[in-house]
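Asks: Chain S is already provided as a structure; the job is to place chain V on it using the hints.
Line order of the protein sequences matches chains S and V.
Throughout, the numbering used here is defined as the position within the first sequence, counted from one, plus 490.
Throughout, the numbering used here is defined as the position within the second sequence, counted from one, plus 490.
FYI, nobody ran anything at the bench for these hints, they're computed from the structure.
It is possible that some hints are incorrect.
Pairs count within a copy or across copies, as identical chains cannot be separated in the list.
Claimed, not checked - Mimicking SDA-like on lysine to any residue, the simulated pairs with C-alpha atoms at most 25 Å apart in a straight line are: (1) LYS677 <-> GLN552; (2) LYS677 <-> ARG609; (3) LYS677 <-> ARG640; (4) LYS567 <-> HIS549.
Protein chains: 2
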Amino acid sequence: MRIVVDAMGSDGHPGPDVAGAVLAAREFGDTIILVGDQARIEAELAGQDITKLSLEVRHAAQAVNMTDKPSVVVKSKPDSSMHVGLSLVKSGEADAFVSAGNTGAVLGIAMLRQVGLGRIPGVKRPALGVMFPTRERPFLVDNGANADCRPEYMPQFGLMGSLYMEQVVGIRNPRVALVSNGEEEGKGNMLIKEALPLLQASGLNFIGNIEPKEFMRGAADVALTDGFTGNIMMKTAEAIASYMSDLIRDELMANPLTAVGGLLAKSAFGRVRRLLDPHEVGGAPLLGVNGVVIIGHGRSNAYAIKQAVGQARQMVAHNIVMAITTGVANSKLAE
Amino acid sequence: MRIVVDAMGSDGHPGPDVAGAVLAAREFGDTIILVGDQARIEAELAGQDITKLSLEVRHAAQAVNMTDKPSVVVKSKPDSSMHVGLSLVKSGEADAFVSAGNTGAVLGIAMLRQVGLGRIPGVKRPALGVMFPTRERPFLVDNGANADCRPEYMPQFGLMGSLYMEQVVGIRNPRVALVSNGEEEGKGNMLIKEALPLLQASGLNFIGNIEPKEFMRGAADVALTDGFTGNIMMKTAEAIASYMSDLIRDELMANPLTAVGGLLAKSAFGRVRRLLDPHEVGGAPLLGVNGVVIIGHGRSNAYAIKQAVGQARQMVAHNIVMAITTGVANSKLAE
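This is chain S alone, in the form it adopts within the complex (with noise of 0.2 Å):
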């Protein structure tokens, strides 16, 4: 297999980008492409030991930033490694590209008809899938793809999250569930009051409505929501799970007796941190594009690269682009 990394993705680029991209191709020998500034990735492989392992650099004379605004740059930065990187999975030198830049640019360069990689055929808008990072790692769809959604978006985004969880993970038969503000029918903003008889017609295995409760200890395997709560939720997951981290670390250093408690717990702890961290459940995949991207966290480390490749690895072998593309053609949700 051949996996395109983006060295000028993640907020601490190319460090973490070009380390991680070394762990993957270590682990899983897949010859891994590194795309950006050729200096600076050189640089870093100066300090890996990289022999044995199959890693190629191309060179991106560009690089997309944080801050770039995604419409803009598009067009204004076509020579960048996500341009570079993209065409290489269109003209079919790679299988997948790996990037933990700006989603919008990602997104939007995935989108061009000349180098990116288009839609898949009858898909009406691709949508980022991203697992949840409880014990239960339900999917979420759609993680800020599309900050505004039509209601007939919802129930493609259930087919792809579907085909993801079945193919890429293994769940026979998933449970689809929109997320809202109650379970009962009739709960919900219009989006989700009339996306719902649309799911209960599409022949998905479809459970009906969700709290975010419910949804994050197992109750439906993928859940569908409007990019915009989507990404909300997934942020103020993220921000109360480090919130109450910091708050914890300070209540036991209060007091000596609750340090002790706290250096005795340490490991337990350990656990709960890595159970819940971000970087194990590797990157967003872009699902409904024609290729295999998948978009990591800005502030990714090494091992949150390495994640996403073997997640983009297995994409690739269970060739989640064609499942979609068949999923798509034979059901009724198509444009």
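Replies: This is chain V only, laid out in the frame that chain S set:
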């Protein structure tokens, strides 16, 4: 002061509601009017020491359930404890109404022109405010009164939230922000993008977009959102906090050493739990109706009911209804 407590509100009614009313009468010395099934209220009071307390009971023949559809019960249960309780505020026999019951029903009944309070003149939509249960206690508006919002509601939510924070909580010149999936201008869904210029022109102390992480750490005093997103945010935060507590307990118990650590650290965990406990913050003020209304958490215990009464007292004492009436009349934000 005379404050109505809906005895039929909480999930466990009338126990917590009556016990909370007794706590409030004792702590604040006010008259508490318990409204609901007289026999059941008196049975609860029989188990309490209520000598020297000013408690009244007003019978209401019907009770609203959590599963009742608000649009239906507004008309189908005209003798509910909510109808009776709110009409006491309307007629001037009481100063405020506190209920831990069905939020939609309280809203709907409060808006009735005959028995309810109706809107303050010029208010486009009443909104639920809620103190976010982090140490900084920022205020979120709307927490679920309006699942679908128009951009022009946001400046009024900001005005009402600012007046609440200024008058009731005592924060000078409160900072107002829009909750979004990114801080940069241009981030957000259509609602946020269209609300931004309206807020910039509103005369409020508007500081721009804010992400959940910054919000919960107190970067703004008042954060604005539509009621659907706000409710999902609050529910996600509560769910993650409770999920993490359970996880920590499980992991501590998994081995004897960490279990001893957990025991020694118990007081620290207790402080964290209390700090993040939604019961501490009281309830959600319904801003924009022509009277003081607090809606408590369905899972309220007696302490939470007492806290909600305390919050209602503050709103009466600082005449928040008059402040909003004047504020809206003097602003360019009226209908």
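Asks: If a hint holds in the structure, say so; if it doesn't, say that too.
Replies: Taking the hints in turn, this is what the structure says about them:
1. LYS677 <-> GLN552: Intra 47 Å, inter 23 Å, cutoff 25 Å: inter-copy only.
2. LYS677 <-> ARG609: Answer is between; shortest inter-copy Cα gap is 23 Å, intra-copy 32 Å.
3. LYS677 <-> ARG640: Result: close both inside a copy and across copies, 17 Å intra and 19 Å inter.
4. LYS567 <-> HIS549: Classified as within; 14 Å inside a copy, 71 Å across copies.
No hint from the list above goes unmet by this structure.
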